[in-house]
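Below, each chain spelled out in residue letters.
Protein chains: 2
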Amino acid sequence: MTERRIDPAGPDEPTDEGRQLDDLRHAILDGDGGWLRAKLDEMHPADASDLLEQLSTDDFETAVEMLGGALPSEILIELRDEYREDAVDMLSDAAVVGALDDLESDDAIAVLEDLDADRRERILDEMAPNDRALLEANLLYAEKTAGRLMQREFLSAPEFWTVGQTIDFARDNAEDLPTDFYEVYVVDPMNRPIGYVLLSQLLRTRRDVGLADILTDIQSAIKVDMDQEEVAYQFQKYSLASAPVTDGEGRLVGMITVDDMVHVIQDENTEDLLALSNVSSADGSDTVWDSVRARAPWLAVNLGTAFVASAIIALFEDALNALVQLAILMPVVAALAGNAGSQGLAVAVRAIAERELDGPAARRAIVREALTGLVNGVIFALGVGLIAWLWFGDPLLAAIIAIAMLASFFWAGLSGILVPLSLKRFGADPAVASSVFVLTLTDTMAFFSFLGLASLVLL
Amino acid sequence: MTERRIDPAGPDEPTDEGRQLDDLRHAILDGDGGWLRAKLDEMHPADASDLLEQLSTDDFETAVEMLGGALPSEILIELRDEYREDAVDMLSDAAVVGALDDLESDDAIAVLEDLDADRRERILDEMAPNDRALLEANLLYAEKTAGRLMQREFLSAPEFWTVGQTIDFARDNAEDLPTDFYEVYVVDPMNRPIGYVLLSQLLRTRRDVGLADILTDIQSAIKVDMDQEEVAYQFQKYSLASAPVTDGEGRLVGMITVDDMVHVIQDENTEDLLALSNVSSADGSDTVWDSVRARAPWLAVNLGTAFVASAIIALFEDALNALVQLAILMPVVAALAGNAGSQGLAVAVRAIAERELDGPAARRAIVREALTGLVNGVIFALGVGLIAWLWFGDPLLAAIIAIAMLASFFWAGLSGILVPLSLKRFGADPAVASSVFVLTLTDTMAFFSFLGLASLVLL
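Chains as they are written, first to last, in the numbering used here: chain H, 9 to 467; chain Y, 9 to 467.
If we strip away everything but chain H, and leave its shape as in the complex, we get (with noise of 0.2 angstroms):
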């Protein structure tokens, strides 16, 4: 284990890994319940935790059941969303009260979030009075927002209290406060924040000195009903490794730290880079099921679209009869068109996502976008004209492909930035159906400007 730390797994040294896992279930074959514990006592819960996904379905539930229904709680919030779900299926109540007595408000709201409601009021019940009310308070707050995602253990103190005091205070507290935390809310007789401390700054400065004195405005402002994206977006833009939460009324209710919006932070960007290729959810452990749920609907839509642009074809049935050679080459028109079409959409994406394209930086990115599909246009018209030329040996149709390879990019690269930006002045994730609607829009175009052009001028 020690050396595994120390030289992190790189792709040439699986055997480490490969043994522990094969060791792992061994144990679970001979029904070695020791083994485990101590084996998973002894590991960090993020590298415990790891090791117990890389087990089948099966072997994993029987793991759990090895350990007597009592899995670590660090281990259990290590775990992947889907395999805490099954661990806390398999929980005895008396286990999962055990857990969420030990966790922190935060984690425990995770743990609550995998239950029905009926177990969920069940559990509640068990909890102690005072516990149990702020969870209750938590849990009232929508599903991804700044009341949901924060923690109630945190450490607050009065602007006239001094160093010496604030640490005086942590030292006989030390059993309530977090495991970690970075700040020190400074907070007024309301309970409203007025600036924070950070514990480096109070670890270098006098006893004697007033929190007052050394204190820094709070540049995020994050109440309960924010949106966790727009928690992340503050993170990142002001560097933050914790923030206190306020509610409606102004008051510090919480507190949210960067390990969560690291979390955060990654599940925005899988749903962009699956949202563009037309997948609405994916997980290590899906099962086809799964799979095929999250990305049959969107097959559906990319059928009717298909035969769309097969209606458009068939538009054209004589000029298409009349001439083989188009045949042959409307699907590179398609083809290219739809991937400078995908080029902009991405970095349309992904400039949305990082808001660079607020107010005249949309504008700019607009003209970019129509200048870059002309350009990238000329080139690759030329190009699959002097081909078609080549092949064919007819000028006047290199010259029809050229101009529809013109015509396709220039509507590409419009498409690529105008349809995710409208679909963000309409409220709606620019990165869902975005792709579905700019290769439709570039297939219409590809077909009926070469088709078209076609069977104007070569009939």
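Fair warning: there could be bad hints in the mix.
[Unchecked claim] Taking lysine-lysine pairs in the PhoX-like style, the calculated list, with each CA pair at most 25 angstroms apart, reads: (1) K245/H <-> K152/Y; (2) K231/Y <-> K432/Y; (3) K47/H <-> K245/H; (4) K47/H <-> K245/Y; (5) K245/H <-> K245/Y; (6) K152/H <-> K231/Y; (7) K245/H <-> K432/Y.
[Unchecked claim] Pair ranges (Cβ atoms, derived): (8) M98/H <-> D109/Y: 57 to 65 angstroms; (9) A220/H <-> S288/Y: 50 to 58 angstroms; (10) R371/H <-> D196/Y: 43 to 51 angstroms; (11) D38/H <-> D184/Y: 54 to 62 angstroms; (12) S288/Y <-> S430/H: 36 to 44 angstroms; (13) E144/Y <-> R259/H: 34 to 42 angstroms; (14) E69/H <-> E325/Y: 51 to 59 angstroms; (15) N181/Y <-> D298/H: 34 to 42 angstroms; (16) A145/H <-> D216/Y: 36 to 44 angstroms.
Just so you know, these hints were derived from the structure itself, not from any lab. Beta carbons: idealized from backbone N, C-alpha and C, even for Gly.
Given chain H's structure and the hints, the job is docking chain Y onto it.
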């Protein structure tokens, strides 16, 4: 300003930001350097840099000029790469030296990276020998490694110190400590880290307790030559706010903080998303020429693959001449199979990035993708077959397109997972080039199976 901070701009309130930008533009037009300086001073550096980035390049350069070459270093470092490069180009050598003195070493390195070799040399010559030596040492590490990203400022303490001694040391050396840090590294006499103590832990522990009694083992093992992607992975896995960096002899030489890792995570995500859409790089301030250069090479590759598809279609010229319906329907097969392949590819690329496809998980994913391809293949084979039958009233044609769909979907499922896994195995980035491969494979299969079957059966 305060108003904007308290209510971060939602989509409905561009007025405040718009007004600020207008004010700024007027000040630049009027050459009002005093107002500009006062405005930037009053804002948080992250907000100030955001505002400056909204300016056109010309206005931005005028603004930097008006500041008399003295752009505050905390704003300079917040600017996006391309704006920072621009600004540094315009600053006098003395102003750059001043900024480097102000900045912590990781930020100073970011500025030095923007300079050409000559100017970098000249500016390093002007610096204090000590600072210079540290920066030059960092520059020796390869780009995108821990050595480049780390800062040289951190707090370490020998293991025999008590909490009280550590706090006293921090108070006595307040000036030399970084502005913000989250933990104290406990080192042995050879300066090798043997553990860390979180500041939140230090704060709540009594003065007479020894560091050795409260230290935690270091989970991450970040060496100076570790790739930034691996470093970011360690931060995510162990939920780190900061981590120590060691040299080849295991001695503590620097510290990396989570805010830098958030940037790395965003950059890696952007790279993947763009690569999947065949864009080699993109940035908000890209010119048309930048965009063409980032996209045309991939379009050229696509040009080649598109003509491969054409060549396959050309093999079946007789069939197309005999039955125009084939030309009308063939894009449906290619579009849907291509979409199915892209879906699988996106899921695989994402899973590889999140390290979910190591070991046995890869085999499970291959089976799942093949089966998903089959299931969706059956569904859409029936769908497309039915529509083709209704449209053209030819059951044989409907059967042919249905079989071609099924074969293409199965093939798409396999391509979508095997292409990125193979690229990864050969040490290449699984996101780069993979979509071109997958689409070429699915196009080839789609045209070949549909037109080939049609030739065999119908002619």
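Given the hint that K245/H pairs with K432/Y, does the C-alpha gap stay at or below 25 angstroms?
33 angstroms, violated
If you draw a straight line from the CA of K47/H to the CA of K245/H, is it 25 angstroms or shorter?
41 angstroms, violated
Can you confirm whether the C-alpha distance between K245/H and K152/Y stays at or below 25 angstroms?
21 angstroms, holds
Please check whether A220/H and S288/Y have a Cβ separation lying inside 50 to 58 angstroms.
52 angstroms, holds
Is the hinted pair K47/H and K245/Y satisfied, with a Cα-Cα distance of at most 25 angstroms?
Distance of about 19 angstroms is within 25 angstroms: holds.
25 angstroms Cα cutoff - pair K231/Y, K432/Y
With Cα atoms ~23 angstroms apart, K231/Y and K432/Y stay inside 25 angstroms; holds.
Taking the beta carbons of A145/H and D216/Y, is their distance inside 36 to 44 angstroms?
Holds, at about 39 angstroms.
Please check whether E144/Y and R259/H have a Cβ separation lying inside 34 to 42 angstroms.
51 angstroms, violated
K152/H paired with K231/Y [C-alpha distance capped at 25 angstroms]
36 angstroms, violated
Could you say whether the range 57 to 65 angstroms given as a hint is met by the Cβ separation of M98/H and D109/Y?
Hint holds: Cβ distance 59 angstroms, inside 57 to 65 angstroms.
Within 36 to 44 angstroms or not, the Cβ separation of S288/Y and S430/H?
27 angstroms, violated
Check the following: the C-beta atoms of R371/H and D196/Y are separated by a distance inside 43 to 51 angstroms.
59 angstroms, violated
In summary, the numbered hints that this structure violates are 3, 6, 7, 10, 12, 13 and 15.
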